[in-house]
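Enquirer: Sequences listed follow chains W and U, in order.
Heads up, the first sequence is in numbering that gives the first Met the number 0, so the first residue is 0 and it goes up one at a time.
Heads up, the second sequence is in numbering that gives the first Met the number 0, so the first residue is 0 and it goes up one at a time.
Where hints are given, some of them may not hold.
[Stated by the list, open to error] Using 20 Å as the maximum straight-line C-alpha spacing, the simulated SDA-like pairs for lysine to any residue come out as follows:
(1) W/72 / W/102
(2) W/71 / U/33
(3) W/127 / U/61
(4) W/71 / W/113
(5) W/127 / W/180
(6) W/127 / U/54
(7) W/71 / W/102
(8) W/71 / U/63
(9) W/72 / U/62
(10) W/71 / U/29
(11) W/72 / U/30
(12) W/181 / U/50
(13) W/71 / W/98
(14) W/72 / W/16
(15) W/71 / W/56
(16) W/127 / U/74
(17) W/127 / U/49
(18) W/181 / U/49
(19) W/181 / U/53
(20) W/181 / U/74
(21) W/181 / U/58
(22) W/72 / W/20
[As the list claims (entries may be wrong)] Computed, partial: chain W to chain U, Cβ under 8 Å:
(23) 78
(24) 79
(25) 82
(26) 83
(27) 125
(28) 126
(29) 183
Read the hints as simulated data drawn from the structure, not as lab findings.
Small disclaimer: the values here were computed from a predicted structure and weren't measured.
In this text, a Cβ means the ideal position worked out from N, Cα and C, and glycines have one as well.
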Amino acid sequence: MGTLTVTDAVPVDRLVAWLSSFRDAVHEQGAYLTELDSAIGDADHGVNLVRGMDAVMAAVDPPPSTPGELLKKVGMTLVTSVGGASGPLYGTFFLRGAAAAGDASALDGAALLTMLRAGLEGIVARGKAEPGDKTMYDALAPALAAFERSLSAGEHLAAAARAAAGAAADGRDATEPMLALKGRASYLGERSVGHIDPGAASSALLFEALADSLDAR
Amino acid sequence: MELAREMVHGEGPAVEVAAGAAGGFGTDATEVAAALRRAASPDGVLVLMDLGSAVLSAALSLELSAPSYPVRLSSAPLVEGLVAAVARAAGGADLEVVAREAEAALVPKVSTLAQPVAERPVAPSADPAAGVSDTSVRLTLINPLGLHARPAAQIATAVGSLAATVAVEAGGRRADATSSLELLTLGAGQGAEITVTATGADAVRAIDAVRELVLAGFGELEAG
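The following block holds chain U by itself, in its conformation from the complex (with noise of 0.2 Å):
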């Protein structure tokens, strides 16, 4: 809690608790529905939740309390994923965004840990199918989120029927374009830039695809 506040300086969205039953370890269901009732608003609320018993109660909860506003019951990590929340909720997103955020929460710790891939040079060239038809282009992220889920799953449905094998490779790390969970592994963020590169008979429409979707801001610049 204190952590995630630190992030607002004392302005931010409505954070409660419902820990503990009983007096002890584990949740209570109907102090989830009281929670909710506290943090109730028009604009949704993000449930974050460890494991067992917590997620259980927060589905009872539900069941329970029958909120008139929308609720999510979040994946995300309990606590990077509330810092994350409740950054992304003071900067006024709406709940998708916010849900989007913290399920996303992981992927800096990851990056930053996972030390053999990150250190891993960029040599597009060690690849011996990289022959004459390999093309690349090096591209800027324009839309406000970058590369999160809907963006790569959009790269990854793009080039994932052409004869073309497309990788993305974003601050010294490589994703395999046709799937967007290593995209999102990439972490790469509004302004990011992203080299694409294609093998393969269909490399230039490959190319082409990519470039057409980040040149577009995924469809998102009229939303944003």
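Excised from the complex, chain W in its bound form (with noise of 0.2 Å):
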């Protein structure tokens, strides 16, 4: 699997390979996640997610034959197996993302980007989140932005997805002096300034691993 370009297609196997490469993330980082998240929340996220993706990677194999297919049972796996808040979250973005890539044999640029928007707006519609609430929107949205102005001056598929992890990691930091408006921290007021929101650093795990994925190897 080489390098993609913009005109190519993402095919099952390498969103599988994304999924597979954000449970290493999660596994990795599980610890870390719910420490910030015993900081700000109810100190499970680490260990919702890990629980989560492991459910997943055991629904995807053998991996179903379409994105859309692949991505709906994603989202219904999270829904049922995460628990917390990140799972009725997580698990929309990847069933409207699966809505949004219908029947096609795989997601080339723009139909990616259609993927991520279109999840990106369900936990909107979800969560009611906006941006500065200090919640995983802080790191998707940017994340997003930086993968379609990626494509638009015409860089590849992988340089796309690099872009957007690294304006998702940069969100996540910026949630650091953010005052939490929505969620469990919210309950906290002032005290959840100066922790990094657990939401967005998960979802900058995500963008990571989907630049990773589509990486050269």
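Reassemble the complex: the two chains are provided individually, in unrelated frames, and hints are given to aid placement.
Expert: Written as structure tokens, this is what we have:
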């Protein structure tokens, strides 16, 4: 699997590689995510995502035949296995993404962008998050914007995904000084300031995983 | 659940629980969707939830199951709202009334615990503005639900534009009549006596407006 160009399409096995890479990342960073969550939430974000992504990888083996079916399976599995708020949120992200992917056999840059955008819109519809609320939105929205900018500039898919991952990481870091206005952290008021949002941190991992899976290997 | 069922002695609406995900805390939207199907009724289903993922999963469950019957996601407090909703639904009330009842379910607790307010003596004469122009009337609420959200809003609207300071007192508590929320916290039900006091140029008009609404049962008598 070489580097994908903008006109290349991402087939199911690349998307499975993305999910697998995300699973590995939440395993590796699970303790860190839970630690972030213990500062301003209920100390289960890492544990929940590890359980969810393990269930996802079991559910997509063998993988469904189209990206749409794959993403739907991912969404439903997260909804039933995560438990915390990240279940319905990431679940909605993948379910809406699945609907946007339709029955295409592979996703090119534009289709990938449409899929991710539908997922983000789903998260916004579900959680009513706005920019600066100190949520996963604050990592996902800049990531998508960077992805789109990069594709429009004619860069390769892998480069676009790498730009998106960088923007997601910046977005994650930018949540540290924010006052939480949504989710469990919002109950803490001022005490939520000075901590990175765990949802933004896992969202950054999701985009880093995407970049890794689209890179040449 | 048991607490709520005690209220209705075994006869009551279907109550289904969807709690826990993957054997632990949290919620699972597919479980919520399954509970919705079990409780499905053309009369509608009221969904009560606590916080966090429960709210998100309940909303997602509607997207997953696209129910053909009316479903309301209630912002009511889970425990108090459930007891109030089950009691009301067992009495044959429709979804809208049950939903309203659930959402008002904190009022009794708020009234009981807010002692400084509850015990504050009613003393209209303590108001220095209460002079010759003040006027008051005692009225009995005849509509079935008393001073709930809609009547409270009607009163607040009716007196809001008048040049008068209007207060409503019931059960030893006093509320600003221009605030439907304050009126709600009086918790005045059917048969409750309220005292309406008004001061200012439009005092008489304000009293007349409230009296008219109360005597007409807030337009709810035909419906009830």
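Enquirer: Are the hints correct? Go through all of them and say.
Expert: Hints and how they fare:
1. W/72 / W/102: Holds, because 14 Å separates the two Cα atoms, which is no more than 20 Å.
2. W/71 / U/33: holds, 18 Å
3. W/127 / U/61: Answer holds: residue 127 of chain W to residue 61 of chain U is near 16 Å, not above 20 Å.
4. W/71 / W/113: Between residue 71 of chain W and residue 113 of chain W the Cα gap is close to 15 Å, so the pair holds against 20 Å.
5. W/127 / W/180: holds, 10 Å
6. W/127 / U/54: holds, 12 Å
7. W/71 / W/102: Measuring from Cα to Cα gives roughly 11 Å; hence the hint holds.
8. W/71 / U/63: Distance of about 12 Å is within 20 Å: holds.
9. W/72 / U/62: holds, 16 Å
10. W/71 / U/29: holds, 13 Å
11. W/72 / U/30: holds, 16 Å
12. W/181 / U/50: Holds - the C-alpha atoms of residue 50 of chain U and residue 181 of chain W are around 12 Å apart, at most 20 Å.
13. W/71 / W/98: holds, 8 Å
14. W/72 / W/16: holds, 15 Å
15. W/71 / W/56: holds, 13 Å
16. W/127 / U/74: Given that 20 Å is the threshold and the Cα spacing comes to 15 Å, the pair holds.
17. W/127 / U/49: holds, 17 Å
18. W/181 / U/49: Since the Cα atoms of residue 181 of chain W and residue 49 of chain U sit roughly 15 Å apart, the hinted pair holds (cutoff 20 Å).
19. W/181 / U/53: Within the cut-off at roughly 14 Å; holds.
20. W/181 / U/74: Measuring from Cα to Cα gives roughly 16 Å; hence the hint holds.
21. W/181 / U/58: Holds - the C-alpha atoms of residue 58 of chain U and residue 181 of chain W are around 16 Å apart, at most 20 Å.
22. W/72 / W/20: holds, 17 Å
23. 78: holds, 5 Å
24. 79: With a minimum Cβ separation of about 5 Å from chain U (threshold 8 Å), the hint on residue 79 of chain W holds.
25. 82: holds, 3 Å
26. 83: holds, 5 Å
27. 125: holds, 6 Å
28. 126: Since the shortest Cβ distance to chain U is 7 Å, the answer is holds.
29. 183: Holds: closest Cβ of chain U sits about 6 Å from residue 183 of chain W, inside 8 Å.
Consistency with the previously given hints is maintained throughout, with no hint failing.
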